[in-house]
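**Student:** Next come the chains, spelled out residue by residue.
Protein chains: 2
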Amino acid sequence: MSSQDENGLGAPCGWRSGPDISHHSVFLKETLQLLVENAVFQATDRNNKVVEWVEPEELEEQLDLRLGEEGITHAALLAYLRGVIRYSVKTGHPYFINQLFSSLDVYGLVGQWVTDALNPSVYTYEVAPVFTIMENEVLSNMASIVGYSQHDGLFAPGGSMANMYGMLLARYRRFPEIKRSGVSGLGRLVAFTSVDAHYSNTKSAMTLGLGADNLVLVNVDEEGRMDVDHLKECIARTKQDGALPFLVTATAGTTVLGAYDPLDAIADVCQAEGLWLHADAAWGGGALLSPKHKHKLRGIHRSDSVTWNPHKLLAAPQQCSVFLTRHLGLLTQCNSASAPYLFQKDKFYDTKYDVGDKHLQCGRRADVLKFWTMWKAKGTKGLERHIDHLFEMTKFFTETIRDREGFRLVLEPQCTNVCFWYEPPSLRGKRNHEQYPQLLNNVAPRIKERMVKTGAMMITYQPLHSRPNFFRLVLQNSQVNAEDMKYFANQIEVLGRDL
Amino acid sequence: MSSQDENGLGAPCGWRSGPDISHHSVFLKETLQLLVENAVFQATDRNNKVVEWVEPEELEEQLDLRLGEEGITHAALLAYLRGVIRYSVKTGHPYFINQLFSSLDVYGLVGQWVTDALNPSVYTYEVAPVFTIMENEVLSNMASIVGYSQHDGLFAPGGSMANMYGMLLARYRRFPEIKRSGVSGLGRLVAFTSVDAHYSNTKSAMTLGLGADNLVLVNVDEEGRMDVDHLKECIARTKQDGALPFLVTATAGTTVLGAYDPLDAIADVCQAEGLWLHADAAWGGGALLSPKHKHKLRGIHRSDSVTWNPHKLLAAPQQCSVFLTRHLGLLTQCNSASAPYLFQKDKFYDTKYDVGDKHLQCGRRADVLKFWTMWKAKGTKGLERHIDHLFEMTKFFTETIRDREGFRLVLEPQCTNVCFWYEPPSLRGKRNHEQYPQLLNNVAPRIKERMVKTGAMMITYQPLHSRPNFFRLVLQNSQVNAEDMKYFANQIEVLGRDL
Chain P
1 MSSQDENGLG APCGWRSGPD ISHHSVFLKE TLQLLVENAV FQATDRNNKV
51 VEWVEPEELE EQLDLRLGEE GITHAALLAY LRGVIRYSVK TGHPYFINQL
101 FSSLDVYGLV GQWVTDALNP SVYTYEVAPV FTIMENEVLS NMASIVGYSQ
151 HDGLFAPGGS MANMYGMLLA RYRRFPEIKR SGVSGLGRLV AFTSVDAHYS
201 NTKSAMTLGL GADNLVLVNV DEEGRMDVDH LKECIARTKQ DGALPFLVTA
251 TAGTTVLGAY DPLDAIADVC QAEGLWLHAD AAWGGGALLS PKHKHKLRGI
301 HRSDSVTWNP HKLLAAPQQC SVFLTRHLGL LTQCNSASAP YLFQKDKFYD
351 TKYDVGDKHL QCGRRADVLK FWTMWKAKGT KGLERHIDHL FEMTKFFTET
401 IRDREGFRLV LEPQCTNVCF WYEPPSLRGK RNHEQYPQLL NNVAPRIKER
451 MVKTGAMMIT YQPLHSRPNF FRLVLQNSQV NAEDMKYFAN QIEVLGRDL
Chain F
1 MSSQDENGLG APCGWRSGPD ISHHSVFLKE TLQLLVENAV FQATDRNNKV
51 VEWVEPEELE EQLDLRLGEE GITHAALLAY LRGVIRYSVK TGHPYFINQL
101 FSSLDVYGLV GQWVTDALNP SVYTYEVAPV FTIMENEVLS NMASIVGYSQ
151 HDGLFAPGGS MANMYGMLLA RYRRFPEIKR SGVSGLGRLV AFTSVDAHYS
201 NTKSAMTLGL GADNLVLVNV DEEGRMDVDH LKECIARTKQ DGALPFLVTA
251 TAGTTVLGAY DPLDAIADVC QAEGLWLHAD AAWGGGALLS PKHKHKLRGI
301 HRSDSVTWNP HKLLAAPQQC SVFLTRHLGL LTQCNSASAP YLFQKDKFYD
351 TKYDVGDKHL QCGRRADVLK FWTMWKAKGT KGLERHIDHL FEMTKFFTET
401 IRDREGFRLV LEPQCTNVCF WYEPPSLRGK RNHEQYPQLL NNVAPRIKER
451 MVKTGAMMIT YQPLHSRPNF FRLVLQNSQV NAEDMKYFAN QIEVLGRDL
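Protein chains in written order, with my numbering: chain P, 1 to 499; chain F, 1 to 499.
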């Protein structure tokens, strides 16, 4: 075999793990070029589509992802990766405003790439020295921004897991015997959150053995914020029923409406009732970086624990979710199993740096470097500008559609969610018609289908309580500008005016 | 500002998310070069250290990871990343045999890098079309290798979480009412696993509200395998006590000894008793790829669910953990919350492709592409060769130390774990001395300290039951060769002979 064959793209990949400079350098160079050109620059270029839509069955055929007995060449692998990039949704594209995450932050991405090459697992200082002290640094800064005077914390694989840690700690603090003997003898434990809170609260209640019915869903006001009087009533009723309230989860930035629950008032209730207050700021926590907007989370320092996802409003790459608590040592007390094969006590360094036993995970990816890299690159002031820009654009979009014919706000935005209906001309002036809600309900799905199929943009829609399907614009990508806001409104009009 | 300043490394990073070709291309080019040279090729070169050891406090000073108000320049950021790479443990280095993960597989790494740039969240087909069908493809292939005739499954953030899914499904299947009403009225639920099983079983029991005491730890035999007679006794005693057995977790490759529990015999017990059998093959599952070695997991097709981590024996990058079950639809029945804002039923495509509601996570990283890329590159036969090579090297190392003075095997290896003591000359011939166990116990930690401080290699040690500290070599990196095996033995001798 000639050297050309061994090293070039025509060479078979081979079965060994471990890089070999003569075998891999051409392949690496070519894939990195593909990555930077196609998955970074082209994928975020407004001139390109957000998605090249293909039906599931067709995509299976087009990409042919089937795994075979034999290996393939570097060239063939590169072609597959090109297809993977081509048919993937470009979540970093400025016209992807579909989820509570978006953006392609170059510093975050580079931090992630470095993490991948180092492939650490953050449980002992021994194998992850840099990531261990880096997590401490980032968690300390975030805790200080929350306003905790002392803290403990961890990175969780997503906000749902972080919220589960909150419920777990709340339960353990009240009934520490659960760790050994379980809940079976205890009676009925009850948690409270708003009817607009994230569904992970329900999943946590199911997982931890409370049962979904023992998560009481408190009413919200017209703006989607928890009704504190109703919370009090729910707690009183639960106690009358002989059940055991132990937790209130307040939401700082609800998923759909972006509502901020009144944390201070809820903290008063929790204090009076001796209940744990968990603040789910997964979505809205980023506003804490802005002196202009942090008032939305007033009272968060009084919480017992917080979920805050930098991969949402702060646009860090997925996943970057933080759980913080002001109760020192409680994570370890609640979750430790003291495995002697990993957390040896006869190590030659101070084992307080071995943080793994406070987690439910054993091996754990380092989700910190990507966010640290962004924070270091931009500084805290850069993050502040990012947040302020997002809120400015939210306001700009709101004003753009406020008086535009056919657009109707669901409510005034609190976070960077803008919820609105689009009424095609055929529906205008017919709000009192019997069929109007159903007809309006059909509009958003139809427009969504068209925008995905043309690749023009992606924005989500959903119903909420008695409200028919409405669009929800969400901003995390600070690449967006005023022109983009007009583009979004125009596209919806163009795609929906004949409906 | 000149174009040089704007584009070059001296330019400030800036606060915006979103790549800008004129601003970022020089920085990207430089960091990718650093990555490939320092974190890929140099980090896996036998001529370089596995770790450059620095005490925690000193590392904090050296790296200065503090976050500041102001942003920094591209050049400064690059210098920080250089430091991050320098002081990180090189887990891809062939001399890193310290954990149940290792290697730097170029195809896995490239798959991960592409994933990062695309930054998907795998919950709906709409936002992750390629990753959704790719997960199906990989899970189907793995389920077929396990021997399930039908399957459902998911990627979990680590084996601990995958094991928790096993316990959760087992409980739900037996007591579906738990989803709504919780466990409080049910009596005491009891699960069984071996005393050598992974600690995540204990954490799951604590988290799910069973309590650690209700996870009964079954004895193991001399080889570390579950004692099936003792399992039967434990189940009988639990039933006599009026408690409710519902789950046996067998381990296929225990963490320390690498023991494979007798799955067939345990499946017989579970069948007779009507208990869910979860097979924790997180570590040893990779052996299923080899016709030579898969007999170790005989009976695994009879399990109700399986944990299998390709990031362990198959050397995929962290994290890549799979949970499989042969019960169709049960994951969704158990875990669904049907959030109407994400899993809309009026979508324009077949929503069976929206898999997110079977998970506990909401947003979820795509852990599939890195493994798919490796599998596609090497073919199933390549993975088989990888596994066979690891077992050959395990045998070679075992034979290398078997008759070597001062080395003593703890037991014959079953997986790629080789557990052994090293007796320095000062201890030889003194096994009957009263202080021998304590003195031997001190040896491994001292040698470990020296190898970390010289950066020569990394191998872990631990005590187990009454056995004093012993070394555990674990192989996942198929880059290792016979010379490396001799190197490991030689290094331990060099570092320990004066103790």
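Where hints are given, some of them may not hold.
[Claimed, not checked] For each label pair, taking beta carbons as the anchor points, the in silico distance ranges come out as:
hint, chain 1, residue 1, chain 2, residue 2, range
1, F, Glu233, P, Asp241, 40 to 48 Å
2, P, Arg82, F, Gly8, 46 to 54 Å
3, P, Lys232, F, Gln240, 42 to 50 Å
4, F, Lys345, P, Pro425, 22 to 30 Å
5, P, Glu222, F, Ser22, 54 to 62 Å
6, P, Asp264, F, Ser149, 54 to 62 Å
7, P, Asn442, F, Ser140, 53 to 61 Å
8, F, Ser149, P, Asp64, 18 to 26 Å
9, P, Asp241, F, Gln240, 30 to 38 Å
10, P, Pro425, F, Pro340, 22 to 30 Å
11, P, Glu60, F, Asn219, 30 to 38 Å
12, P, Gln33, F, Glu177, 38 to 46 Å
13, F, Ser149, P, Ala75, 31 to 39 Å
14, F, Asn442, P, Gly83, 53 to 61 Å
[To be verified] The calculated lysine to aspartate or glutamate pairs, modelled on EDC-like cross-linking and capped at a C-alpha distance of 20 Å, are:
hint, chain 1, residue 1, chain 2, residue 2
15, P, Lys352, F, Glu55
16, P, Lys352, F, Asp20
17, F, Lys352, P, Glu61
18, F, Lys453, P, Asp346
19, P, Lys381, F, Asp213
20, F, Lys294, P, Asp346
21, F, Lys292, P, Glu70
22, P, Lys292, F, Asp221
23, F, Lys352, P, Asp346
24, P, Lys49, F, Glu55
It is worth saying that the hints were derived from the structure and are not from the lab.
In this text the structure is predicted, and so the values were computed from the model without any measurement.
Idealized CB from N, CA, C, for every residue including glycine.
**Student:** Hint by hint, say whether it matches the structure.
**Tutor:** Now for the hints, and whether the structure bears them out:
1. Glu233/F - Asp241/P: 40 to 48 Å: Since the Cβ atoms of glutamate 233/F and aspartate 241/P sit about 42 Å apart, the hinted range of 40 to 48 Å holds.
2. Arg82/P - Gly8/F: 46 to 54 Å: Taking Cβ atoms as reference, arginine 82/P and glycine 8/F lie about 31 Å apart, which means the hint is violated.
3. Lys232/P - Gln240/F: 42 to 50 Å: 47 Å, holds
4. Lys345/F - Pro425/P: 22 to 30 Å: At 27 Å between Cβs, range holds.
5. Glu222/P - Ser22/F: 54 to 62 Å: 47 Å, violated
6. Asp264/P - Ser149/F: 54 to 62 Å: Check passed, 57 Å falls within 54 to 62 Å.
7. Asn442/P - Ser140/F: 53 to 61 Å: 36 Å, violated
8. Ser149/F - Asp64/P: 18 to 26 Å: 25 Å, holds
9. Asp241/P - Gln240/F: 30 to 38 Å: With a Cβ separation near 35 Å, aspartate 241/P and glutamine 240/F satisfy 30 to 38 Å, so the hint holds.
10. Pro425/P - Pro340/F: 22 to 30 Å: About 28 Å separates the Cβ atoms of proline 425/P and proline 340/F, which means 22 to 30 Å holds.
11. Glu60/P - Asn219/F: 30 to 38 Å: 48 Å Cβ-Cβ, so the 30 to 38 Å window is violated.
12. Gln33/P - Glu177/F: 38 to 46 Å: Between glutamine 33/P and glutamate 177/F, where Cβ atoms are some 57 Å apart, the hint is violated.
13. Ser149/F - Ala75/P: 31 to 39 Å: 37 Å Cβ-Cβ, so the 31 to 39 Å window holds.
14. Asn442/F - Gly83/P: 53 to 61 Å: At 56 Å between Cβs, range holds.
15. Lys352/P - Glu55/F: Roughly 12 Å between the alpha carbons, so the hint for lysine 352/P and glutamate 55/F holds.
16. Lys352/P - Asp20/F: 42 Å, violated
17. Lys352/F - Glu61/P: Answer holds: lysine 352/F to glutamate 61/P is near 18 Å, not above 20 Å.
18. Lys453/F - Asp346/P: 16 Å, holds
19. Lys381/P - Asp213/F: Given pair lysine 381/P, aspartate 213/F is violated - Cα atoms ~50 Å apart, limit 20 Å.
20. Lys294/F - Asp346/P: 37 Å, violated
21. Lys292/F - Glu70/P: 18 Å, holds
22. Lys292/P - Asp221/F: Measuring from Cα to Cα gives roughly 65 Å; hence the hint is violated.
23. Lys352/F - Asp346/P: Judged against 20 Å, a Cα distance of about 52 Å means the pair is violated.
24. Lys49/P - Glu55/F: 50 Å, violated
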